[in-house]
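Going down the list, the sequences are from chains Z and A. To convert a position in the first sequence, counted from 1, into this note's numbering, add 122. To convert a position in the second sequence, counted from 1, into this note's numbering, add 22.
It should be emphasised that the hints constitute simulated quantities derived from the structure, not laboratory data. This one's a predicted model, so the numbers in the text were calculated from it and none came from an experiment.
Calculated cross-link-like contacts (lysine-lysine; reagent style DSS-like; alpha-carbon spacing at most 27 Å): (1) Lys-185(Z) with Lys-174(A); (2) Lys-198(Z) with Lys-234(A); (3) Lys-174(A) with Lys-273(Z); (4) Lys-185(Z) with Lys-234(A); (5) Lys-234(A) with Lys-356(A); (6) Lys-475(A) with Lys-356(A).
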Amino acid sequence: MKLEIAFLYHDLMNIYGDRGNIITLSQRARWRGIETTVTELSVGDPVDPDKYDFYFFGGGQDKEQYAVADDLKGEKGAALKEAAAKGAVFLAVCGGYQLLGHYYRPDNGPDLLGIGLLDVHTIAGNKRCIGNVIIQSEFGTLVAFENHSGKTYLGPQARPLGRSEIGYGNNAEDGNEGAIQNNVFGCYLHGSLLPKNPHFADHLLKLALQRRYGPVELTPLDDTVEMAAHRAALQRARDTR
Amino acid sequence: MRQTLAIATGKTLLEILHRTGRGGTAFPGLVATKIAPHILRDLTARLPGGSAMVIGTNGKTTTTRLFATILETAGVKVANNRSGSNLIRGLTSTLLNQASLRGKLTADMGLFEVDEAAFPQAQAEIQPRLILMNNLFRDQLDRYGEIDTIRKRWAESIKTLAPGTKLILNADDPSMAYLARFAPEGVKTVFFGLDHPPLALAKLAHAVDAAKCIVCGTNMVYDAIYISHMGHYHCPNCDFRRPDPQFVVKEVKLSVSEGSQFVLETPDGPLELKVGVPGLYNVYNAAGASAAALSMGIATGHVTKGLEKFKSVFGRIERIALGEGRHLLLALVKNPVGFNEVLRMLTHDPAQKLKMMVIINDLYADGRDVSWLWDVDFEVLADRLGWVQTGGLRATDMANRLKYAGIDPALISWEEDIATSLKLAMDRLPANETLYITPTYTAMLQLREILQKMGLVVPFWEE
Ligand SMILES: [Zn+2]
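Same shape as in the complex, but just chain Z (with noise of 0.2 Å):
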C-alpha cells in the first residue's frame, strides 16, 4: 500500500512544532510497511487533485496568513475543495483550522478570506485562549495544547469534533472543540496532536488509506510509549487548569 501526504504551506505555516502530525502518520504508517511520501506544497506550488490522500495544514504568524489566503484564491483553492469531494483526508490546525473556513474576521482590516471547505468562520477575539485541554471525542478521550484568540463559531454543515473537557475550545462559548464535515478535520489542538493520540492518528490513518483501497484494518502497534505520554498530558491538564 501507498500513502501520500502533503504538507501545505509547510515553509509559512508551521509554528507551535505541528509537524509533529505528519511525522506520527508517516511513522504509523511506515512500520506498517506503507509506503508514504510527504510532498511539501508552498505558495505557488500547484495542486494535483487525484494525487494525495492525506492534507496537513498547520497555524502560522498573521503576516504569513494573509501570504496563504491569498494563494488560496482561485485554482489552488478550487482544488483542494476537489481533493477534498473525493475523499482526500484534511487535518488542518490552528490558523489552517481558520483558513478551511469561510472566513476570519480581523478587529480592524477586511475580511481573511478561506476556502470554505469546513461550514465555520471565526472572529478575532481579544483574549489568548492557552493551556492545557482534554476533549471528549468520538474517538476516544483526546490530550493537547490550545493557543489562539481567534473565535470560531460552526455552521450547520459542520459538527464538533468534540466537547471540551479541560480548555475553551472554539469560542470559550458552547463548550465544543473543533469542526468536522466529510473527512475535513479541524481544531485548535497542537502538543502536537496526534503522536499523544496514537487512536484518533490511526483514524486519520484509515480513513486517507479508504480512499484508494476500500476499507483497511491496521496492524496493532505497540503504543506503550504514546499511551504513557497521553497519560501524562490527562494528568497535566487536570493539574495545571
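Following the hints, put chain A with the ligand in place on chain Z, whose structure we already have.
Quick look at chain A with the ligand alone, frame taken from chain Z:
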C-alpha cells in the same frame, strides 16, 4: 524619600532571603518597585559608567557573563544580574543587592541581560549606553507573542535611543540587520559576524523563522548558513542584505572538551581568541562580547584574557566530574534552535555512542506547550545513541518524540521523577564515559538542587 524606603525595604528582604538560603530571587525587587515605581531608573542613574544591556533569544546569559568577565579583567566593577532572573524586578534586585542602605552603589557600571518582552521597558528605565543584540528566534511563543510583534516593539524602542548610544549587532541575523535601520541619528551601529565557509550548513533546518525578507517578503538567498537562519543572506528583490561587519570571526576550530579557538578581525587588526565553552553559538556569543568590549575602548589584552578565563555560566554548559573518569555534561535547552545546536555539538564525533539524559518540564519558565520538541531535529541521534533516559514532567512526551525520530525504543527509558531518573542514568554510566544531560530551565534548577545535595555543585548564587 520613597526611594530611600524602597531601597531599605528591598535590602532587608534580600538579607532575610539570603539567610534562609533562598538566593537569586526577584521578590525584593518586586516589593521595592511597588514602593517606588522608578526605583530602577533612579538606581542606574547613580552608576558612574552607565549601563550596558544584552538582549537576544539565545545565548544572552553566556554573552553577558563573557562580557562581564572581560570587564572585570579590565578592572571595571560590574553590577550584573547573574542568576538569570532578568525581568525588571530581577534587575532591581540585582542593584539593591549592591547598594548600601542609603542607595550608594559600589559598581562602576551596570551590565544587564534582559528578556525579549521586557526590553522596551528596561531600555526606557535604564537608558543604557551600549546594547548588544545577539539574535531573535522563536522562543516560548505562548509567553512572548510572535516574532514579528517582538521585532516591531524592539524597533520602536530603538527609535527612542539617545544620541551616543552604541548598538552592537549580529550581522548574520537578518532581524538584527533590519533593526539597525531604526537607529536614530547619533546612535552608532557596530556589526559582528562569522565568515568561515567550512562550517556552513547544507540547508535551512525546520525550526527556521526568517527565510523571507523582512522588508519585502521575497524568499531570501543564503550564500552560507551557520546556525538556523543566521549566515550570509541577501534579498534578490530589494536592497536588504547582510551588512559588512566591522568585527569578523574567521578560522574557527571547535572542540567539545577544549572550547573553541578563532581569529577575530577588528578595525585595529586581527586577534587570536580562545573561549572555554564549546559550540559554534558560543563563538557568536564570544564575538559579540568582544566587539562590545572593544567598542567601549577595553584593551585587546583584557579581551583575550577575559575570554580565556571564562568559566561556563550556571546551567548553560557545565561539566562535572564523578570519579572513575566519569563526567556529567549539562547543557540547558529552551527552544528548537538551541537544542539543535546542542545536538550538533554532541554528534560531532561519529564514532561515539552517546549516553544521554533529556529532562523536559512544562512549567511557565520552560514554555508550557511542549510542541516545540517536534521542531527539534532529534533524527540526527538515530544510530548515534548508546541509550537515552528521559525525565521531568514531560518525560513521556520526550520518550515518544525520540521513538518517532527513529530511535530504537529498546534504547529509550523514562522516569518522571528527576532524582530517580538521574540515579538510574548514573548507575548505568560506565567508567570513562560522559552522561550528556539536556534539561529545560526549571528542570535545570531542580537538577542543580539534586546535584548540590550530592555535593557535586555549589548553589549558583554563591558563584
Ligand atoms: Zn527584500
